[in-house]
Structure formats: C-alpha cells, structure tokens
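Colleague: Below, each chain spelled out in residue letters.
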Amino acid sequence: MTISIERPTRELTDAEKRFVGWHMLVAIIALLVGSIFGPMQALQYSNVDLYQYLEPVIRSYYQGLTLHGVLNALVWTTFFIVGFTTLTTIKGLARPLSYPKVNWAGFWVMVVGLVTTAVPILLNQATVLYTFYPPLQASWAFYLGLTLVVVGSWVSGVGFFLTYRDWRRENPATRSPFIAFAGVLNMAMWQIATLGVAVEILTMLLPWSLGLIDATDPELARTYFWFTGHPLVYFWLLPAYISWYGMLPKQAGGKLFSDSLARLAFWLFLIVSVPVGFHHQFVDPGVPTAWKWIHATLTYSVFFPSMLTAFTVIASLEYAGRRRGGTGLVGWIRALPWKDPSVAAQLLAGILFLFGGIGGLTNASYNLNLIIHNTAWVPGHFHLTVATAVTLSFMGITYWLVPYITGKQLVSPRLALVQVWTWFVGMVIFSNAMHVLGLLGAPRRTPLGDAPYVPEEWNGHLLRTSIGGTILLVSVLIYGWIMLRTATGPKADPEDVPGIPIAESLRDPQLTPLWLDRFKPWLIAAGVLIVVAYGPQLWDQITGIQLNAPGWTPW
Amino acid sequence: MDEPVMETPGVDAEETEHFKPIGTLFVLAIFVATIILLWGSVYVILLSRGVTS
Numbered sequence: 001m002t003i004s005i006e007r008p009t010r011e012l013t014d015a016e017k018r019f020v021g022w023h024m025l026v027a028i029i030a031l032l033v034g035s036i037f038g039p040m041q042a043l044q045y046s047n048v049d050l051y052q053y054l055e056p057v058i059r060s061y062y063q064g065l066t067l068h069g070v071l072n073a074l075v076w077t078t079f080f081i082v083g084f085t086t087l088t089t090i091k092g093l094a095r096p097l098s099y100p101k102v103n104w105a106g107f108w109v110m111v112v113g114l115v116t117t118a119v120p121i122l123l124n125q126a127t128v129l130y131t132f133y134p135p136l137q138a139s140w141a142f143y144l145g146l147t148l149v150v151v152g153s154w155v156s157g158v159g160f161f162l163t164y165r166d167w168r169r170e171n172p173a174t175r176s177p178f179i180a181f182a183g184v185l186n187m188a189m190w191q192i193a194t195l196g197v198a199v200e201i202l203t204m205l206l207p208w209s210l211g212l213i214d215a216t217d218p219e220l221a222r223t224y225f226w227f228t229g230h231p232l233v234y235f236w237l238l239p240a241y242i243s244w245y246g247m248l249p250k251q252a253g254g255k256l257f258s259d260s261l262a263r264l265a266f267w268l269f270l271i272v273s274v275p276v277g278f279h280h281q282f283v284d285p286g287v288p289t290a291w292k293w294i295h296a297t298l299t300y301s302v303f304f305p306s307m308l309t310a311f312t313v314i315a316s317l318e319y320a321g322r323r324r325g326g327t328g329l330v331g332w333i334r335a336l337p338w339k340d341p342s343v344a345a346q347l348l349a350g351i352l353f354l355f356g357g358i359g360g361l362t363n364a365s366y367n368l369n370l371i372i373h374n375t376a377w378v379p380g381h382f383h384l385t386v387a388t389a390v391t392l393s394f395m396g397i398t399y400w401l402v403p404y405i406t407g408k409q410l411v412s413p414r415l416a417l418v419q420v421w422t423w424f425v426g427m428v429i430f431s432n433a434m435h436v437l438g439l440l441g442a443p444r445r446t447p448l449g450d451a452p453y454v455p456e457e458w459n460g461h462l463l464r465t466s467i468g469g470t471i472l473l474v475s476v477l478i479y480g481w482i483m484l485r486t487a488t489g490p491k492a493d494p495e496d497v498p499g500i501p502i503a504e505s506l507r508d509p510q511l512t513p514l515w516l517d518r519f520k521p522w523l524i525a526a527g528v529l530i531v532v533a534y535g536p537q538l539w540d541q542i543t544g545i546q547l548n549a550p551g552w553t554p555w
Numbered sequence: 001m002d003e004p005v006m007e008t009p010g011v012d013a014e015e016t017e018h019f020k021p022i023g024t025l026f027v028l029a030i031f032v033a034t035i036i037l038l039w040g041s042v043y044v045i046l047l048s049r050g051v052t053s
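Respectively, the protein sequence lines represent chains R and C. When we follow the working numbering, the leftmost residue of the first sequence carries the number 1, and every step to the right adds one. When we follow the working numbering, the leftmost residue of the second sequence carries the number 1, and every step to the right adds one.
Rather than coming from a laboratory, the hints here were simulated on the basis of the structure. Where is the CB? At the ideal position from N, CA and C, for every residue including glycine. Treat the hints loosely; a few may be bogus.
Computed cross-link-like contacts, DSS-like style, restricted to lysine-lysine with a CA-CA straight-line distance of at most 27 Å [said to hold, decoys possible]: (1) R:408 with C:20; (2) R:17 with R:250; (3) R:520 with R:17; (4) R:250 with R:339; (5) R:255 with C:20; (6) R:491 with R:17.
Here chain R is said to cover these stretches of chain C; the calculated rule only asks that three of the stretch's residues, wherever they fall, bring their Cβ under 8 Å from a Cβ of chain R [claimed, not checked]: (7) 22 to 32; (8) 39 to 46.
What follows is a list of derived Cβ distance ranges for each label pair [what the hints assert, rightly or not]: (9) R:331 with C:50: 46 to 52 Å; (10) C:50 with R:550: 36 to 42 Å; (11) C:40 with R:542: 14 to 20 Å; (12) C:20 with R:108: 46 to 52 Å; (13) R:290 with C:40: 24 to 30 Å.
Chain C extracted, bound-state conformation:
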C-alpha cells in the first residue's frame, strides 16, 4: 500500500536538521482564526438571547 517516497534534491541531513515548519504555522494560524470566528458566533447567539442581561 505504501507509495514510493520521492526523494527530492535538496532534502538532506542538513535540511532535516534545519526544517522549518512554515506551512504548519500557516495552517495553525488559520485554525486559530477559525476558533475565534466560530466561538465568537456562538457568543453572539448567547448575547442575542439576552442571557447575560
């Protein structure tokens, strides 16, 4: 089932040591923004129902 791994030029021991997960940080930034957006939307529902008034 395993697909062959394509070893690309430029990925070597040095790159392994200095691998910077930039894409990961980008994905997590989107995730945090989504958390704020969706959590906030439920909070707006809470406010619209007057629970805290």
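Next up, chain R with everything else stripped away, as it sits in the complex:
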C-alpha cells in the first residue's frame, strides 16, 4: 500500500536569504579574483607575460597559478556549495535550520580560514599550487587556514545533519525531499573524504612548516591528499547534479524522470567516490601495482552512477522537450528553453561534461594514463569538469538564486545568455587545445612561453589556449558585471522575482523504495569499502614512513 503525502512548502525568510547571500558573495568574489589569473597563464603560453605588470604584488607565474587554483577550485566551490546546501536543506525540508548559530559558526570559521590562507599566498609564502604537494613548503598559516576552511564546512555540515535528523523525527514515514536528501548526502561524503587531507595537514604538513619536524614523507602525504582529492571532485559535482536532477527539469518545463534512479546514483557516488585515489598516483613508485589496479577498477565503477545520471537527467529533459512540442529522436533538444540563461548554462555545462567524462575514463585507465600523466591534458580535463560542469552550472544557478535572495530581477538575461555561450565557446577552444597539447607531451604547470624546448607543432595549440583563455576572461567579467548590477539594482515586484525551481518526480517520491532513503546502511558500506581499499596500503605507508624530504621553496 502506498500513501501519498501532501508536502508542505516554505520560502526562505529574509534572514535565511541573507545567510545564503553571504556565502554567495564570498564565492563570487573568489571566482572573479581567481579567474583573472587563469587567462594570464593561458596568455603566457603565447609568450604574452602579463605577470610583469603585477610585480611586486604577484611575483611569479606559480604564485598566480596558486591563486587561480585555490580561489577557483577550493574557495568559490566550497562557499557556493555550503550556501546552496543551506538553501536546498531549508527549502527541501520546508523548515528552518535547527541550529542556525551552528551554521553561522561554520561560515565564520570558513571566512577566518580563507583570510588565513590568503595572506601567505599574497605574500608569496605559499606558492605551492592548490595541491600543496610536499616537499614544496608553505607558511604554516596556509595549512592552518585551509584546515579552518574544511573545519568550517564540517561545522556547517553538522548543522545540516541536525536539521535533517529533526525533520526525520517529525516525518518518519515520508521520503525525504530529493534536494535536501542529496545536499545532506554530499556533506556526509565531504566529511568522510576530508579526513585524508585533515590527517595530512595536522600530522605532517603543519608540524613540518612550524619546524617541529625537519622533513616529511611526500609519498604518504600524496596518499592522504588523494584520499580527499578525488571525492573533492564529487563534492563539487553533486550540487550541480542536485540542480540537474531536482531543479533543471522544472526550469525546462518537465519533471524528474525517476526519483529512485536519482537517489541510487547519489548513494553509489557516496560509496565509490572515495576509495579510488590511487588512480591519481599511477606513476608514484611507492604504491604497489596491485593497489593501483584495485583503485583503477573501482574508478571504473564510478562510470555506473555517472551513466545513471546521464540517463535520468537527459530523460527528464526529453520529457520537458516533448511537453514543449519537440518531436523526433532529437527534436526535443531544440524545444528546450535555450533562451533562459540559467537553463542554457546548465545544458551547455552538461554537454561539455560528457567529454569530461570520456577524458576521465582515459585518466583512470592504467596504461593510457602513462600517455597523459602530468601533461596539459590534465588541466584540459578538469576545466571541463570543475570549470564547466560545475562552474557553469553554478553560474546558471546564480541566475535565479541571486535574484531570489535579493528580491531583484536578473539584469539583462540576454547578456547573461552571451556570457553563458562565451564560456562554452572559450572552454571548447581552451580545453581542446590543452588536451591535444597533452597528447603531444606538453607538461602541465609549466610556463611554456618561456620553455626553450617547445617544438613547432605545439605553437598553434598554445595560441588556441591563449585565445580560449581570453574568451573565458571576457565571459567571467560579463558574469561579474551581471551579478553586481543585479545585486545592487532596485527591488523588483515580488511577482517578477524568480522562485526556487523544484522539479516534481514523474512518479510520487513516496513510491521510492525505503532502502534508498536510509543513510545508515550506505554509510556503513562506504566505510567498509574505504577500509578494504585503503587500509592495508595506508598501514604499510604509515608504518614505513620515511621523513627524509626537507622543505623546498623555489619561487
């Protein structure tokens, strides 16, 4: 017997909107500042050195690269995600946060962490790139600041968990609303995943940078880092998926194709996103081949929830397209509301993400990885994932979210559409050139404009990288202008302010099996798989630790 339950709705209060807004403000500022340095790297490939004009504030290509990576990959994403999850939790559960002071505390710890991290980077005392691999050594403040950002996000996560727990107590028989469920799941995955980097910093890098120990073990540090590093990608992606599954179908005029498939995909991401880190260490000599193979196999298993996602999201869009009059095998694609910048951003992000997925399979293939490891292919790949699937989706979300929380109308939707398409075109040019350069053997993280060994056949692709980067700079500047003008514009008539798009499911979510709505078994399964996939090798590396690498500060 099934019970159809009337689900309450609730809008965010002004105070809750302001709280979300603070997260978005920090996130968007980080995106804008960090994005300035990306095109500077791309232009350097064509021997256009803009860094000379930033001296003495910015002293090297690598300091700029560190700023770009930390601000765009870590700060923009984390603040956006915590703010967005606040919104999905409150709106999804139709109740306020149980302990808003906990969430405010989380926010301020993140802000203090951000400032503590930014100061040494700006002083050129933490030019270690966003992966901060030892033996590159940063100021202790950099490591402490990053720790605080992570701890702050944990505190916010606890606030979400407590709110979800209270909702569950009040609604024991109701399937949790998808957007709230998925946001809480993502924060749970994040708490598990960041244990790696927390241990790395607190037991190795922080004491090392404070001079309490003289040297460190780069191999063990890298293993800890990639324990966190790969699920970090899913921490970025899952909020975009929340929108693709739970909001975009509504924006497109349709419904979520399957609530059950959506939840199953999220559970599988929780289970398989962590125990795969060794596929980032295929050329690390300290990791035995068998463990690399095990992690490669587990990485392939991520393909399954990824294809579930592709199927469910595209089917939801097909349903929308057909409701809008689209016909034929692909005619429904044209019928989607491409003129809505929020929709177009997410559709284009999804299209490029398909190619990001193909690149990811190549990265995960043990032998193929040898072709592209540490080449320009890798940033080419993650500019399709984090810089497009994630960032362009987040931009699209802000096109309704910022008007919603400010009570304003989006300034110039037409210009927003230009922004979305310039990002897409710029990224196609940039990313394709980087992939090709990688296949030709061009190293990543290298100012190739200064390199004496660049062969003739690279030049055209280096130029394309610069052109793509420049288009992306134009796009992000347009984005910043739209956000600024929207946030500072006059209040709009409430009827003209967009609401939060929540997609209904084709089938009543109450029909979703109970086992897809219970956290405990899935969390246990995730923990067991992590112990099996990481335990023995971590034990070997920890017991065989070799603290023999002194710190190195080359730039």
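Chain R is already provided as a structure; the job is to place chain C on it using the hints.
Modeller: This is chain C only, laid out in the frame that chain R set:
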C-alpha cells in the same frame, strides 16, 4: 525568466505514465560510440609509442 510551457495535446497523465525516453537512448548510444572512438584513439597513440612492446 521562465518561458511558458506549451502543453501539447497528447501529453496527459497516461502519457506521463508511459513516457519512453527513446531520444535519450539515442543520445546515449552516440555518447558510448564517442567514448569508444576517443578512448581508442588514445590507445592507438599508446601503441604507436611502443609502450606495451
């Protein structure tokens, strides 16, 4: 920003229940073919460099 949804005749509760995502399967088939093609092209590069010999 939302464009009006054009309710077409023929899309009703019954069609919702029996919606078959044929277009989706077509798009995913093309995607899988593209995966094989692009993954294979990198594999050919690997072979051409003699890594496995």
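Colleague: Next step is simple, just say for each hint if it's right about the structure.
Modeller: Cross-check of the supplied hints:
1. R:408 with C:20: Distance of about 39 Å is beyond 27 Å: violated.
2. R:17 with R:250: Distance of about 21 Å is within 27 Å: holds.
3. R:520 with R:17: violated, 31 Å
4. R:250 with R:339: Holds. Residue 250 (chain R) to residue 339 (chain R) sits at ~15 Å (cutoff 27 Å).
5. R:255 with C:20: Since the Cα atoms of residue 255 (chain R) and residue 20 (chain C) sit roughly 14 Å apart, the hinted pair holds (cutoff 27 Å).
6. R:491 with R:17: The given pair, whose Cα atoms are some 15 Å apart, holds under the 27 Å limit.
7. 22 to 32: The restraint on the region 22 to 32 of chain C holds, since 7 of its residues have a Cβ under 8 Å from chain R and three suffice.
8. 39 to 46: It holds: at least three residues are needed, and the region 39 to 46 of chain C offers 5 whose Cβ sits within less than 8 Å of chain R.
9. R:331 with C:50: 46 to 52 Å: holds, 47 Å
10. C:50 with R:550: 36 to 42 Å: holds, 38 Å
11. C:40 with R:542: 14 to 20 Å: Since residue 40 (chain C) and residue 542 (chain R) have Cβ atoms about 40 Å apart, the given range 14 to 20 Å is violated.
12. C:20 with R:108: 46 to 52 Å: Holds - the Cβ-Cβ distance for residue 20 (chain C) and residue 108 (chain R), about 51 Å, lies within 46 to 52 Å.
13. R:290 with C:40: 24 to 30 Å: holds, 26 Å
Hint compliance for this structure: hints 1, 3, 11 are broken, all remaining hints hold.
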